[in-house]
Amino acid sequence: MRTALSRVARGVGAFFRFWYGFIVGDDWTVAAAVGAALLLTAALNQRGIVAWWVLPLTVVAATGASLRRTPATRPQA
Amino acid sequence: MTDSERWAGPGVDWTAFVLALKGVLLEGIEIAFIVVSVGLAAREMPAAILGGASALVLTAAAGTAFAAAFNRIPRSVLQLVVGVLLTTFGTFWSLEGLGVEWPSGDLSILPLLAFYVVIAVTYTRIERRRVVAA
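Keeping their order, the protein sequence lines are chains D and F. Just so you know, we're using my numbering here: the first sequence kicks off at 39 and counts up by one. Just so you know, we're using my numbering here: the second sequence kicks off at -3 and counts up by one.
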């Protein structure tokens, strides 16, 4: 019974870890920045302000900040 | 793919099998959604199915024909290329979904792609310098 329960718990954990990795990824701050940029874009667009530039600039800034925080390592070949 | 990444154990590499299955299943469902939604919106389901099936055959043929060449592409390069493409399409379609108008309509996807390529190359150079300095 306990083995079956722990197997179910591991399966549920793996399910949520997969979706977290799929949607959020390695750095939650990048996902949060993109979410905030989408909200800002929608708000500006509703007021008739040209806002297509918000998301690309946010992606660049958030990725750059994330890379700066990450220790430099050699990529896998 | 380097030698260290090649499966050297007995039988099938089940981790690689599950990862490939997940990837193909996910993308396959995505393609099915695109074909059905585009076909229904245009009321041209036969043309949409024909287009989807042709793309499937062409992709499988290209994958088979160039398998050896694709195997020589470093994994990090593949990740970078796919990442840049997904970021470009993701940016474009998420803003389209919000009703935002792009300066050049659908053609804006090309300068957007060029922009992300330049940024990716710049960040890659910066990271290389950091690795050398570390």
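It is worth saying that the hints were derived from the structure and are not from the lab. One or more hints might be untrue.
Unchecked claim - A few chain D residues that face chain F, going by a derived Cβ cut-off under 8 Å, partial list only:
(1) L76
(2) T79
(3) A80
(4) A89
(5) W90
(6) P94
(7) V98
Where is the CB? At the ideal position from N, CA and C, for every residue including glycine.
Right, here's what the structure says about each hint:
{"no.": "1", "hint": "L76", "result": "6 Å, holds"}
{"no.": "2", "hint": "T79", "result": "6 Å, holds"}
{"no.": "3", "hint": "A80", "result": "5 Å, holds"}
{"no.": "4", "hint": "A89", "result": "6 Å, holds"}
{"no.": "5", "hint": "W90", "result": "5 Å, holds"}
{"no.": "6", "hint": "P94", "result": "6 Å, holds"}
{"no.": "7", "hint": "V98", "result": "5 Å, holds"}
In the structure shown, no violation is registered for any of the earlier numbered hints.
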